[in-house]
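Undergrad: Given these sequences and hints, build the entire structure.
Under the numbering used here, the residue at position 283 of the sequence shown is numbered 283, and the numbers go up by one with no gaps.
These are computed hints drawn from the structure, not numbers from a lab.
Wrong hints could be hidden among the right ones.
[Said to hold, decoys possible] Taking CB as the label site, the calculated pair distances span:
1) Arg-165 <-> Phe-289: 40 to 50 Å
2) Gln-174 <-> Ala-141: 45 to 55 Å
3) Ala-209 <-> Trp-283: 24 to 34 Å
4) Gly-263 <-> Gly-157: 29 to 39 Å
5) Ala-291 <-> Ala-209: 30 to 40 Å
6) Val-155 <-> Ala-209: 45 to 55 Å
7) Ala-178 <-> Leu-139: 51 to 61 Å
8) Ser-175 <-> Ala-296: 22 to 32 Å
9) Tyr-153 <-> Arg-188: 49 to 59 Å
10) Ala-178 <-> Asp-305: 21 to 31 Å
11) Leu-135 <-> Pro-265: 58 to 68 Å
12) Ala-178 <-> Pro-257: 16 to 26 Å
13) Asp-198 <-> Asp-168: 41 to 51 Å
Note that beta-carbon positions come from the ideal geometry of N, C-alpha and C, so glycine has one too.
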Amino acid sequence: MPSPSIRLPASCGRRETRRTYATGNHGGARHSRPRGAGIPRLVCGNVTGDPESGTLVPGGGLRRGRYGAGEDGPNRCLDAAPRGVRRRLSAALRDAALARWCAASDGSRLAAGGRPVLAPPPGGGSVRARAGFTLLELLVAIVLVGVVALLVYGVAGVAADTQQRLVDKQRVLQSENAMRATIHDALRNARPARRRGDTAFFLENRYDADGRPLDRLSFVTAGGLPPLTADADWAVTLEPSSSGLVMVATAVGVVAPPRVVVGLPGITGLDVQVQEMTHERGWSDRWRFPALVPRALALTYWTDDAPAGPTVVLALPLGGVQ
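TA: Written as structure tokens, this is what we have:
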């Protein structure tokens with residue numbers, strides 16, 4: 001029986017190609033070697049194919065298998081080919097399988113022309129480059145950051161102003177408390193006249209056009225707390241003014257100009273009530289015994305509109321002593 005005929009192309013020129021193996025995770029070094037001869041394209045009945053992309057199978061073109069065999073068995077056309085052709089074809093198939101294995105281990109694929117491309121993800125989806133921020137998004141982010149910075153700056157400014165106002169108010173309160181303590185200490189140390197005919201305590205009732213009390217009080221004190229020291233007697237005058245309550249003191253028996261001891265800003269009115277030396281011990285706005293000191297007195301500080309706090313009642317230790 002005659003053997004099947006194998007038709008080779010009339011011009012089966014040998015192609016000189018170079019195979020390049022990329023360095024991958026398998027640890028191989030990059031090297032190249034020329035392929036000895038091209039693989040001729042075989043035509044055997046309806047068996048056709050290209051050994052660089054698959055194997056030859058009968059009746060269906062290209063199918064994958066081992067050494068050119070399909071799933072149904074070895075390729076009869078390949079078995080009938082000459083031994084040299086079968087050897088070159090088997091070597092080409094092994095080289096193609098090795099190239100696919102190396103590309104898969106490197107996580108890349110070789111596209112047409114030898115260009116490396118990214119391998120598709122395991123899920124089979126497409127590979128997309130990560131998108132960056134657009135100009136509009138950057139502008140919106142900058143505006144938001146600016147708004148937040150302005151809010152933080154405004155809150156910090158308000159907090160600083162509030163803190164400064166609290167500190168100033170605390171200083172004013174401390175100063176007022178110190179001034180009131182000096183005035184009250186001077187009144188508690190008020191003494192009667194040492195010589196007959198001297199004036200030790202004098203109260204002058206005055207009012208402004210709106211009926212606000214502007215009393216003026218003069219007395220002699222033995223001194224106590226600084227700046228009214230106890231080494232001399234002091235003639236003290238206490239009266240309100242447009243700038244506040246002022247206390248002026250002058251040392252008795254010492255040639256020295258009078259000096260302003262303390263002042264209460266904002267206190268523009270003063271109402272003084274003294275306890276009478278009668279059995280009823282009622283309160284009066286007049287004192288008829290200038291050489292003596294009343295047993296007690298009541299002070300009411302006024303602002304421009306109304307009384308500034310409750311009335312302060314002071315007991316005078318030397319009051320009523322003749």
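Undergrad: Run every hint past the structure and note whether it holds.
TA: Going down the list of hints, with the structure as the test:
Checked against the hint of 40 to 50 Å, the pair Arg-165 and Phe-289 passes, with Cβ atoms roughly 48 Å apart. In this structure the supplied range 45 to 55 Å holds for Gln-174 paired with Ala-141, their Cβ-Cβ distance being about 49 Å. The supplied range of 24 to 34 Å is met by Ala-209 and Trp-283, whose beta-carbon atoms lie about 25 Å from each other. Between Gly-263 and Gly-157 the beta carbons are some 33 Å apart, a value that agrees with the proposed interval 29 to 39 Å.
Here the CB-CB span from Ala-291 to Ala-209 is close to 34 Å, well matched to the stated 30 to 40 Å. As the Cβ distance of Val-155 to Ala-209 is approximately 47 Å, the hint placing it in 45 to 55 Å holds. Checking the proposed 51 to 61 Å range against Ala-178 and Leu-139 shows it holds: the Cβ atoms sit about 59 Å from each other. With their beta carbons about 27 Å apart, Ser-175 and Ala-296 fall inside the hinted range of 22 to 32 Å.
A C-beta distance of roughly 52 Å is found between Tyr-153 and Arg-188, which places it inside the suggested range of 49 to 59 Å. A beta carbon spacing of about 25 Å between Ala-178 and Asp-305 agrees with the range 21 to 31 Å that was offered as a hint. Against the hinted window of 58 to 68 Å, the Cβ-Cβ separation of Leu-135 and Pro-265 comes to about 60 Å, which satisfies the hint. Between Ala-178 and Pro-257 the beta carbon distance is about 23 Å. The supplied range of 16 to 26 Å therefore holds.
One distance hint, 41 to 51 Å for the beta-carbon pair Asp-198 and Asp-168, holds here, with the actual separation near 44 Å.
The structure shown violates none of the earlier numbered hints.
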